[in-house]
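Trainee: Protein chains in written order, with numbering that gives the first Met the number 0: chain A, 0 to 352; chain B, 0 to 352; chain C, 0 to 352.
Honestly, the hints are just simulated from the structure, not real lab data.
Hints are supplied without guarantee of correctness; some may be wrong.
One copy or two, either will do: identical chains are not told apart, so a pair holds if it fits within one copy or between any two.
Stated by the list, open to error - Derived SDA-like pairs: lysine to any residue, alpha-carbon spacing no greater than 20 Å straight-line:
{"#": "1", "residue 1": "45", "residue 2": "299"}
{"#": "2", "residue 1": "48", "residue 2": "283"}
{"#": "3", "residue 1": "351", "residue 2": "10"}
{"#": "4", "residue 1": "84", "residue 2": "301"}
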Amino acid sequence: MTSFTLAELAARVGGEVQGDGALRIEGVAPLEDAGPAQLSFFANRKYRKAFEASRAGAVIVEPDEDVPPGRTVLRAAPAYLAFAKISTAFHPPREPLPEVAPEAVVHPSAKVHPSAQVMPLATVGARAEVGPRTIVFPGVQLGEDVRIGADCILYANVAVRERCLVGDRVILQPGCVIGSDGFGFALDLQGEGRGPRHYKVPQAGIVVVEDDVEIGANSCVDRATLGVTRIGRGAKIDNLVQIAHNVEVGPLSIIASQAGIAGSAKLGMGVVVWGQAGVVGHITVGDRATIAAQAGVGGDIEAGGRVAGSPATPDVQWARNSAAFNRLTEMRRELRELRAAVARLEAEQEKKP
Amino acid sequence: MTSFTLAELAARVGGEVQGDGALRIEGVAPLEDAGPAQLSFFANRKYRKAFEASRAGAVIVEPDEDVPPGRTVLRAAPAYLAFAKISTAFHPPREPLPEVAPEAVVHPSAKVHPSAQVMPLATVGARAEVGPRTIVFPGVQLGEDVRIGADCILYANVAVRERCLVGDRVILQPGCVIGSDGFGFALDLQGEGRGPRHYKVPQAGIVVVEDDVEIGANSCVDRATLGVTRIGRGAKIDNLVQIAHNVEVGPLSIIASQAGIAGSAKLGMGVVVWGQAGVVGHITVGDRATIAAQAGVGGDIEAGGRVAGSPATPDVQWARNSAAFNRLTEMRRELRELRAAVARLEAEQEKKP
Amino acid sequence: MTSFTLAELAARVGGEVQGDGALRIEGVAPLEDAGPAQLSFFANRKYRKAFEASRAGAVIVEPDEDVPPGRTVLRAAPAYLAFAKISTAFHPPREPLPEVAPEAVVHPSAKVHPSAQVMPLATVGARAEVGPRTIVFPGVQLGEDVRIGADCILYANVAVRERCLVGDRVILQPGCVIGSDGFGFALDLQGEGRGPRHYKVPQAGIVVVEDDVEIGANSCVDRATLGVTRIGRGAKIDNLVQIAHNVEVGPLSIIASQAGIAGSAKLGMGVVVWGQAGVVGHITVGDRATIAAQAGVGGDIEAGGRVAGSPATPDVQWARNSAAFNRLTEMRRELRELRAAVARLEAEQEKKP
Chain A
0 MTSFTLAELA
10 ARVGGEVQGD
20 GALRIEGVAP
30 LEDAGPAQLS
40 FFANRKYRKA
50 FEASRAGAVI
60 VEPDEDVPPG
70 RTVLRAAPAY
80 LAFAKISTAF
90 HPPREPLPEV
100 APEAVVHPSA
110 KVHPSAQVMP
120 LATVGARAEV
130 GPRTIVFPGV
140 QLGEDVRIGA
150 DCILYANVAV
160 RERCLVGDRV
170 ILQPGCVIGS
180 DGFGFALDLQ
190 GEGRGPRHYK
200 VPQAGIVVVE
210 DDVEIGANSC
220 VDRATLGVTR
230 IGRGAKIDNL
240 VQIAHNVEVG
250 PLSIIASQAG
260 IAGSAKLGMG
270 VVVWGQAGVV
280 GHITVGDRAT
290 IAAQAGVGGD
300 IEAGGRVAGS
310 PATPDVQWAR
320 NSAAFNRLTE
330 MRRELRELRA
340 AVARLEAEQE
350 KKP
Chain B
0 MTSFTLAELA
10 ARVGGEVQGD
20 GALRIEGVAP
30 LEDAGPAQLS
40 FFANRKYRKA
50 FEASRAGAVI
60 VEPDEDVPPG
70 RTVLRAAPAY
80 LAFAKISTAF
90 HPPREPLPEV
100 APEAVVHPSA
110 KVHPSAQVMP
120 LATVGARAEV
130 GPRTIVFPGV
140 QLGEDVRIGA
150 DCILYANVAV
160 RERCLVGDRV
170 ILQPGCVIGS
180 DGFGFALDLQ
190 GEGRGPRHYK
200 VPQAGIVVVE
210 DDVEIGANSC
220 VDRATLGVTR
230 IGRGAKIDNL
240 VQIAHNVEVG
250 PLSIIASQAG
260 IAGSAKLGMG
270 VVVWGQAGVV
280 GHITVGDRAT
290 IAAQAGVGGD
300 IEAGGRVAGS
310 PATPDVQWAR
320 NSAAFNRLTE
330 MRRELRELRA
340 AVARLEAEQE
350 KKP
Chain C
0 MTSFTLAELA
10 ARVGGEVQGD
20 GALRIEGVAP
30 LEDAGPAQLS
40 FFANRKYRKA
50 FEASRAGAVI
60 VEPDEDVPPG
70 RTVLRAAPAY
80 LAFAKISTAF
90 HPPREPLPEV
100 APEAVVHPSA
110 KVHPSAQVMP
120 LATVGARAEV
130 GPRTIVFPGV
140 QLGEDVRIGA
150 DCILYANVAV
160 RERCLVGDRV
170 ILQPGCVIGS
180 DGFGFALDLQ
190 GEGRGPRHYK
200 VPQAGIVVVE
210 DDVEIGANSC
220 VDRATLGVTR
230 IGRGAKIDNL
240 VQIAHNVEVG
250 PLSIIASQAG
260 IAGSAKLGMG
270 VVVWGQAGVV
280 GHITVGDRAT
290 IAAQAGVGGD
300 IEAGGRVAGS
310 PATPDVQWAR
320 NSAAFNRLTE
330 MRRELRELRA
340 AVARLEAEQE
350 KKP
């Protein structure tokens with residue numbers, strides 16, 4: 000069993016032990032489940048009681064956190080990052096077993112790096128490339144001329160269509176689709192004499208997924224009509240997200256589950272889009288902008304902007320207006336009363352010459 | 000061809016025939032399509048006309064339903080459940096054909112029960128187990144140490160990642176993903192000297208899918224960061240639903256299509272979440288609470304609570320405020336008129352000493 | 000390299016060249032990327048500057064478009080359709096390579112047309128049929144008795160469940176699911192003495208996908224409870240869309256990404272549903288109706304109707320009310336001021352006998 004002293008773990012994250020640094024830690028666990036040989040983690044104040052009741056051998060906390068007396072803690076900043084790094088020590092990323100399974104179907108013209116692993120029932124298309132130490136799970140389908148970089152993990156049933164490019168250290172969760180056709184049709188009223196039809200606009204571009212990106216389960220990234228749909232370096236995309244054709248997602252952006260970005264929208268660096276939000280096409284979202292859950296963004300957002308609601312407005316304004324919305328019935332009653340009062344005043348005034 | 004007398008079918012569901020119990024029934028069909036040898040079903044009053052016009056040999060109705068004279072009916076309570084059971088008599092669940100297809104890839108250390116069926120091009124990973132009478136369709140990928148119980152059906156292209164546990168009588172629709180990584184990153188401003196990055200928090204937990212659960216096509220259930228993401232006994236989840244890491248879905252809960260439950264949210268027993276609704280992380284939804292379609296839930300809901308809107312409020316209040324929202328333009332006009340009337344009154348008053 | 004003169008391309012689309020018709024065109028490209036041997040396209044006025052700065056050899060424009068002097072253009076109506084057709088000349092649809100890969104698994108009773116292509120690791124179930132010139136990519140799973148027409152493309156990891164029917168010239172993007180079970184359960188309070196359960200209503204119907212339909216990546220179309228879920232001729236459905244059991248989508252309808260249509264809803268001909276919108280079950284949407292992004296439709300819509308908002312109302316009304324919503328805080332302030340003014344007036348009046 001992997002184990003470390005608390006002092007060793009503190010050193011890994013530049014943290015400081017308060018209590019017994021020689022304590023042997025055999026794993027990480029949530030506050031409620033952790034035992035005396037486990038390290039836990041406290042950051043969300045909501046879980047203060049669980050922190051106090053925890054049987055954990057030690058707990059990672061922020062440097063200035065108030066802790067119960069006698070509690071052994073590892074102080075580190077930011078505590079959550081320290082937890083992530085220590086958890087990685089106990090749960091290191093999967094290592095590839097360098098081999099192409101005999102039940103995989105690799106086109107003779109494809110190039111799989113000798114250090115890569117291709118599991119059974121995956122396909123690697125003509126001229127496609129799989130880089131060093133990359134792991135390809137069962138049911139992954141890599142189209143013709145696809146290029147996957149080094150140290151990637153492509154989980155089960157991922158599909159990457161022809162010519163799309165995936166960088167290094169990219170993780171694609173199960174069922175994720177890269178390079179599906181964008182949704183583009185031109186209305187053709189004549190339709191070669193057989194009546195109206197939607198004429199398919201060729202989706203001839205590709206998708207580029209840059210280094211250090213992660214894309215969630217069953218999310219879809221459409222290829223460009225012409226040119227490139229781009230997921231920028233280090234961006235992280237959750238499950239069931241839709242990225243339409245010709246979108247650009249800036250580096251280090253975060254897109255939460257079930258959000259959708261429509262065609263040709265450009266998201267800057269470090270943009271955060273929360274769950275189920277939608278962004279219309281052909282707009283620009285500035286660096287570090289934040290879009291609230293379920294927001295509907297219909298126009299440009301400036302750098303650092305924070306919006307909410309549908310249609311989206313600055314989030315502070317939206318919060319005020321939402322609060323007022325919850326008083327609407329009351330406001331209608333007040334309006335009625337005011338109308339009556341004004342009518343009475345007017346009647347009184349008439350009477351007086 | 001399977002056939003039953005109407006009286007036999009009534010006996011199966013504890014119902015009562017009004018009309019000819021000896022009528023031979025060869026199948027079930029919608030009101031508009033049913034012929035004289037078919038049994039149909041009437042519950043939604045919206046379809047009253049179709050009921051009256053139907054050529055069905057007999058129709059299942061509630062015990063107290065008003066029926067046209069001469070119409071043969073099977074009265075049962077609840078009628079919909081009776082219909083479901085009778086339809087099952089005509090459409091029994093698929094039986095497994097006990098075999099592992101030669102084109103399936105089953106790891107030597109995996110255990111497939113002799114009564115189970117594994118179809119071509121499915122994979123069963125190292126040490127994984129498939130229980131009695133379970134059916135595994137083509138393209139299903141079961142990771143290492145996965146355990147699938149008895150009498151399950153896993154349809155095409157389902158992926159269950161390593162170590163996840165699935166109970167008995169579970170149905171997973173095509174493309175459903177169990178055990179994808181939760182969406183967890185810690186912001187690392189230094190990033191080993193190469194600038195900011197999102198450091199991946201290991202998602203080291205699992206998913207437990209309890210007995211009698213059904214999960215829809217292309218839905219995703221993320222594994223826990225630590226511990227367990229749990230789908231409780233008898234819960235039913237529709238297509239394209241997102242269940243984030245460490246969520247607990249209580250027994251018998253219902254989650255409709257495209258809804259999303261964010262990380263660490265706890266849903267009680269018998270909770271109902273309608274389509275496209277969203278629930279934020281780290282909150283508690285009480286037993287039997289109901290969340291309306293497209294609602295955005297940002298805080299705890301008490302047992303039996305009913306909410307709607309985004310941000311969600313009690314549904315009665317939301318309905319009133321939504322009605323008022325549709326009068327907002329009118330309210331603005333009234334406000335303008337009142338301002339003018341008050342100004343006039345004030346001017347008049349000035350004039351009078 | 001494929002190339003055409005500008006005059007040849009104009010002839011293909013019934014357009015007119017203004018400038019050098021002998022210009023050799025080797026491809027199409029966006030305004031910013033196009034070089035002197037490429038044809039580009041200008042329709043969205045938002046990109047006027049890019050049009051003016053473009054190095055494109057020629058640009059497709061509407062017949063009455065104002066163009067900078069010296070710019071070679073191809074005038075055609077509608078310009079977007081002309082672009083689509085010319086782009087197709089450069090990017091013709093993939094041709095099937097008539098063969099069944101040895102790594103595909105085709106049931107002996109299935110019929111694959113000799114001109115069709117079935118790639119490695121696809122399965123074709125018992126009695127299933129694949130029509131002329133249809134292309135079946137790796138990981139596609141076709142269930143028993145499925146019928147796929149002529150000239151279709153089924154991309155990687157598509158699943159079509161038993162008995163579903165797909166017409167001619169249909170395109171299914173990767174991961175799309177046809178024929179998953181509808182979401183139907185009857186509450187069974189007794190549950191054979193073991194307490195309440197959700198009794199599964201057999202989903203015994205099928206899906207019919209008519210000719211010329213396209214369905215996006217990871218979208219789901221549920222089979223009918225009884226009868227048919229129908230996607231009408233020429234309808235186009237984007238990624239991650241949910242179509243529930245017994246829905247009818249009319250011919251030429253358009254459904255954008257992440258929209259959801261609940262059970263038994265009927266959409267007419269040429270209906271347009273924008274992204275993330277939801278339509279409740281058992282309602283009728285008239286021909287050519289338009290449903291705005293994120294709308295929540297709770298009742299019938301008449302032919303040609305245009306709705307927005309949740310709950311949806313006519314879009315003009317919704318736009319006005321949304322504008323008013325953004326003044327709600329201001330309206331509350333005005334109400335407060337009016338109340339104070341009226342109180343003052345009332346007090347004054349008291350004083351005067």
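Trainee: Each of the hints needs a verdict: does it hold here or not?
Mentor: Okay, the hints, checked on the actual structure:
no., hint, verdict
1, 45 <-> 299, "between (35 Å within a copy, 13 Å between copies)"
2, 48 <-> 283, "between (44 Å within a copy, 16 Å between copies)"
3, 351 <-> 10, "neither (88 Å within a copy, 83 Å between copies)"
4, 84 <-> 301, "neither (34 Å within a copy, 37 Å between copies)"
The structure fails hints 3 and 4 (numbered hints given earlier, in ascending order).
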